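Novice: These are the residues of each chain, in order.
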Amino acid sequence: GAVVSQHPSRVICKSGTSVKIECRSLDFQATTMFWYRQFPKQSLMLMATSNEGSKATYEQGVEKDKFLINHASLTLSTLTVTSAHPEDSSFYICSAELAGARTDTQYFGPGTRLTVL
Amino acid sequence: AQKITQTQPGMFVQEKEAVTLDCTYDTSDPSYGLFWYKQPSSGEMIFLIYQGSYDQQNATEGRYSLNFQKARKSANLVISASQLGDSAMYFCAMKTKTSYDKVIFGPGTSLSVIP
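Quick mapping for you: the protein sequence lines, in order, are chains B and F.
Using our numbering, the first residue of the first sequence is number 4, and each one after it goes up by one.
Using our numbering, the first residue of the second sequence is number 46, and each one after it goes up by one.
The set of hints was computed from the structure by calculation and includes no laboratory data.
It should be emphasised that the depicted structure is a prediction, and the values quoted were computed from it without experimental measurement.
Some hints could be false.
Some chain B residues close to chain F (C-beta under 10 angstroms, calculated; not the full set) [what the hints assert, rightly or not]: (1) F37; (2) M48; (3) A75; (4) S76.
Restraint ranges, calculated between C-beta atoms of paired labels, are given here [stated by the list, open to error]: (5) F:S87 x B:I15: 13 to 23 angstroms; (6) F:D71 x B:I15: 22 to 32 angstroms; (7) F:T105 x B:S21: 25 to 35 angstroms; (8) F:S144 x B:G56: 34 to 44 angstroms; (9) F:Q101 x B:R13: 43 to 53 angstroms; (10) B:R13 x F:I91: 30 to 40 angstroms.
A virtual CB, placed ideally from N, CA and C, is assigned to each residue, including glycine.
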């Protein structure tokens with residue numbers, strides 16, 4: 004099956020610092036990756052769609068200058084939370100789309116739990 | 046508007062029994078895909094099963110089957126022979142052309158398997 008990795012799995016940082024999260028498709032190429040945010044006991048909220056070689060598409064209400072997305076290759080997308088604050092503490096999870104298959108299924112990484120002190 | 050509804054916030058099932066998790070959806074798009082994902086306490090989202098809107102037969106994957114009733118716009122997940130490891134959150138999701146192929150998730154159902 005399609006495998007997506009995410010690094011780091013957990014990060015604790017001080018308020019005001021920036022945090023970079025990597026999402027990699029390990030055994031397939033993904034022209035499109037997605038970044039989600041999930042609060043405790045809630046569903047996933049799409050933050051942005053990351054397209055290889057072009058600018059990310061952000062959902063309404065998501066600050067693009069705060070959540071920088073770079074999709075530099077067909078197997079790597081990064082999310083940088085700039086000047087993180089306690090309200091940015093959350094579970095961030097990425098997915099990569101296995102395109103061309105009948106289902107265009109999204110496969111998810113294991114997630115990154117961010118805690119901002 | 047595209048929407049996924051899961052009316053069961055929490056469910057309990059006895060080990061080895063079957064359980065049905067409900068999902069209804071709303072879309073005016075004639076072409077769509079329906080997905081079920083499992084999220085254990087570790088947080089990872091595990092793809093379970095897919096049903097296309099034009100598929101004639103209900104999807105099955107091992108112990109998972111999808112009871113697809115198109116006219117009623119429902120796509121219930123059936124887990125047979127429940128195991129303790131099935132305890133997790135389960136999310137129903139939908140993808141349509143109208144939603145620019147973004148996946149829309151339901152609120153989820155928490156399943157607890159009792160030994």
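Novice: Next, verify each hint and record whether it holds.
Specialist: Okay, the hints, checked on the actual structure:
no. : hint                               : result
1   : F37                                : holds (8 angstroms)
2   : M48                                : holds (8 angstroms)
3   : A75                                : violated (22 angstroms)
4   : S76                                : violated (21 angstroms)
5   : F:S87 x B:I15: 13 to 23 angstroms  : holds (18 angstroms)
6   : F:D71 x B:I15: 22 to 32 angstroms  : violated (40 angstroms)
7   : F:T105 x B:S21: 25 to 35 angstroms : violated (46 angstroms)
8   : F:S144 x B:G56: 34 to 44 angstroms : violated (23 angstroms)
9   : F:Q101 x B:R13: 43 to 53 angstroms : holds (45 angstroms)
10  : B:R13 x F:I91: 30 to 40 angstroms  : violated (19 angstroms)
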